[in-house]
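What follows is the residue order along each chain.
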Amino acid sequence: MFFKAIKHAGFALAAVLALGLGLNPAPADAKTKVKVGFIGPLTGGTSSNGLGGRNSADLAVKLRNADKKAKYEYEMVVQDDECKPNIGVQAATKFGASKDIIAAATHYCSAVAISTVDVYHKFGLPVIVWGAVLPEITYGNDYKEIHRVNGTMINQNETAATFMRGLGYNTWAIIHDTTDYGKGHDKYFTQYVEKAGGKILGRFGVTSDQQDFSAELTKIKSLNPQVLYFGGLTPIGVRIRAQMDKLGVNALFQGTSGIVSDTFIQGSGPLAEGVLAFREGAPTEKLPGGKFFLEQYGKHKYAEPPEAYGAFAFAAMTLILDTIEKVGPDRKKVRDTLNKVAGKNAADSITGKISFDDHGQNTIALITKYVAQDGKWVIWEDSEYASGKRKLKGK
Amino acid sequence: MDVGLLGQYVMNGLMLGMMYALVAVGFTLFFGVMDIINFAHGDVLTVGAFAALATILGLAGIGVDSPWIQLAGATLVAVTTMAALGAVIARTLVLPLKGAPPLNTLLITLMLGTALHEGVRLFYPQGANPQRFPSLLPTDAYSFGHFTLRIDSLLVLTTGLLLIVGIHLLINRTKLGLAIRAVAQDEDTAKTMGINYTLIVLATFAIGSGLAAFAGVLHGLYYSEVNFAMGLLLGVIGFSAAIVGGLGNIYGAILGGFLFSALQTIGVLAMPFASAYKDVFAFAVVILIMAWRPTGLISEKISQRV
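Chains as they are written, first to last, in this note's numbering: chain A, 1 to 395; chain B, 1 to 306.
So here's chain A without its partners, still in its complex pose (with noise of 0.2 Å):
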């Protein structure tokens, strides 16, 4: 708003003004005016989602507006995509059509996000996903334009490989519902697993309102694996790891991001202890410029916080600012050097780097690894199980 102000109230009185106040000098000559856009859920159930990261990318244009280094002035454009495919698509299309948006950071909710990738394909908008994690937006098409800075289920099974592996774990057996989420994490664990030396003992799928799992934990209990993998939410989670214990199967139980809730630790009491699970993102304070962001955020009193993925659609939306001081306010040449940020063009960003591959997937996505420790989720690096103080089970 203040600079806003200076601007119309043209250059000589800004300066006045600025000198006045005691402030740098305002902007000598009228910079060229830029539009971005930013499309999120702003209403309906997910909107305090959208909200946040509706402030959070108006914070990173704000942010660049105030720097007198900066060679253009931005102008965020908002929609609202409602979290539904058929709005989202609307507000794509608009977007696409107007040539003076020249990228825009796109979409919490999956669903809305895998049916626009053909609309801003089609019309050639780069775009940055900022919070949806199906892996298909990115992977299922070899479109330029699509762009994502978040993890996916993709990247939390390589992380949980590893690290499980790293842990010395040798042997799994894998329980996993039958909907798209449980499948997916199935294909990607044991990818990433087998990769790295690991061995799948049996591969269990399950329907997600299945009660009795005694069957299946009796014939893994014969299998007799170090870890189980549970691929799936947390109400068959919670059975399964009450079932575990009624049948004597000691096995570790290590979960996905759908068991990564308190319903979990309150319905499976004291056998939640020790539980491992992985998550995409961090908690906002943890990332690596959190610290900045959260004052930065605090700063410009938005009345809604940011919430988890707040961050990543202000780091999608600073790459987006980034890319276009460098190559101009042209569509194609933002795209074109979007995809080349990638190992060491990486960008830095306030979640970590950011390095895209081929299909424009962030793959130094941030995953965090968390147990169940006292009856709260906790990072791991901060558990009394990295500490060494308490040990996982078959350790």
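A couple of the hints might just be wrong.
What the hints assert, rightly or not - Quick list of simulated restraints, FRET-style, between CB atoms:
no., chain 1, residue 1, chain 2, residue 2, range
1, A, 375, B, 140, 47 to 57 Å
2, A, 142, B, 107, 44 to 54 Å
3, A, 270, B, 115, 12 to 22 Å
Said to hold, decoys possible - Some chain A residues well away from chain B (every beta-carbon gap over 10 Å; in silico):
no., residue
4, 32
5, 58
6, 73
7, 84
8, 93
9, 121
10, 239
11, 260
12, 288
13, 304
14, 333
15, 393
Don't read these hints as lab results, they were simulated from the structure.
Using N, Cα and C, we set each Cβ at its ideal position, and we do this for glycine too.
Since chain A is already given, all that's left is putting chain B on it; use the hints.
Just chain B now, with coordinates in the frame of chain A:
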């Protein structure tokens, strides 16, 4: 396969079969006396389990720490309230519809079942989440190779089996049982013999629903967890077990329950990499049995099907 592992499978199968049989007996009792199918039965089990859980938490809240007293109190509350609920269902929903097409009763109980479990989901604190059911029985475990025998599982199984025997004795050795059988066989003749028809129907619903509540408590103790949807599949399986055994016949229901659990266990063993299909397998076999013996494995002595 080694003996320990086999023993474990048999134990699992017996446990599941016992639960299914308890539910199936309820279905078959209702069908026997009233010729109706009560689709709310599985959800009565759910409500019973939650009533027990609430009682345990309540007793713990007022400082009653003895697990045995908690368990006895919980079972008592669950069984009596569900027996009362069963009688109310019979009085208000089933008996008034006696002359109506059977489809109406079927629909009304189906809707009641939905109302019951949705009620648990909405009105029990955090009812949409799985709830931990406290372990009130001793948890000592003995291992024999791959076979782990837990005292609590053994107690649950024994109680369940005793309950089934008890129901059998009640139906076959008591005056009440005689009256229930009489009504089941011929309503009009039973009435002329001085049997209070309404009272017997209410008693039958109370017994069946109380049994479901008891099964709910055993379910909670065995799985250490209860949830609002637990009765849905149990209801369907209990119903199928009752049909396969021969609807209206208590032995048929018990047989059907154990048969179904055996099929599920075999399903996982026979198709280790397609365990998600164990229910498909079990229900497919049930369909085959139905095609082979449409009136069930043990059919009613007097069949009046039209």
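Do the hints match the structure? See the list:
For the hinted restraint 47 to 57 Å between residue 375 (chain A) and residue 140 (chain B), the CB-CB distance of approximately 25 Å leaves it violated. Residue 142 (chain A) and residue 107 (chain B) have their C-beta atoms about 52 Å apart, which keeps the hinted 44 to 54 Å range intact. The supplied range of 12 to 22 Å is broken by residue 270 (chain A) and residue 115 (chain B), whose beta-carbon atoms lie about 35 Å from each other. Distance check on residue 32 (chain A): its Cβ is at least 53 Å (rounded) from any Cβ of chain B, clearing the 10 Å threshold; non-interface status holds.
The Cβ of residue 58 (chain A) sits about 34 Å from the closest Cβ of chain B, beyond the 10 Å cut-off, so the non-interface label holds. A cut-off of 10 Å between C-beta atoms confirms that residue 73 (chain A) is not in contact with chain B; the least separation is 48 Å. The beta carbon of residue 84 (chain A) sits about 23 Å from the closest Cβ of chain B, which is more than 10 Å, so the claim that it is off the interface holds. Annotated as non-interface, residue 93 (chain A) keeps its C-beta farther than 10 Å from every C-beta of chain B; the closest such distance is 37 Å.
No Cβ of chain B approaches the Cβ of residue 121 (chain A) within 10 Å, the least distance being about 36 Å, so the stated non-interface status holds. Not every Cβ of chain B is farther than 10 Å from the Cβ of residue 239 (chain A); the closest lies at roughly 6 Å, contradicting the non-interface assignment. The claim that residue 260 (chain A) lies off the interface holds: its Cβ sits roughly 14 Å from the closest Cβ of chain B, which is beyond the 10 Å cut-off. Interface exclusion of residue 288 (chain A) from chain B stands, the closest Cβ pair being 34 Å apart, more than 10 Å.
For residue 304 (chain A), the requirement that its beta carbon stay farther than 10 Å from each beta carbon of chain B is met, with the minimum near 25 Å. In this structure residue 333 (chain A) is separated from chain B by more than 10 Å, as the shortest Cβ-Cβ distance comes to about 49 Å. With 10 Å as the threshold on Cβ separation, the claim that residue 393 (chain A) sits away from chain B holds: the shortest Cβ distance comes to roughly 16 Å.
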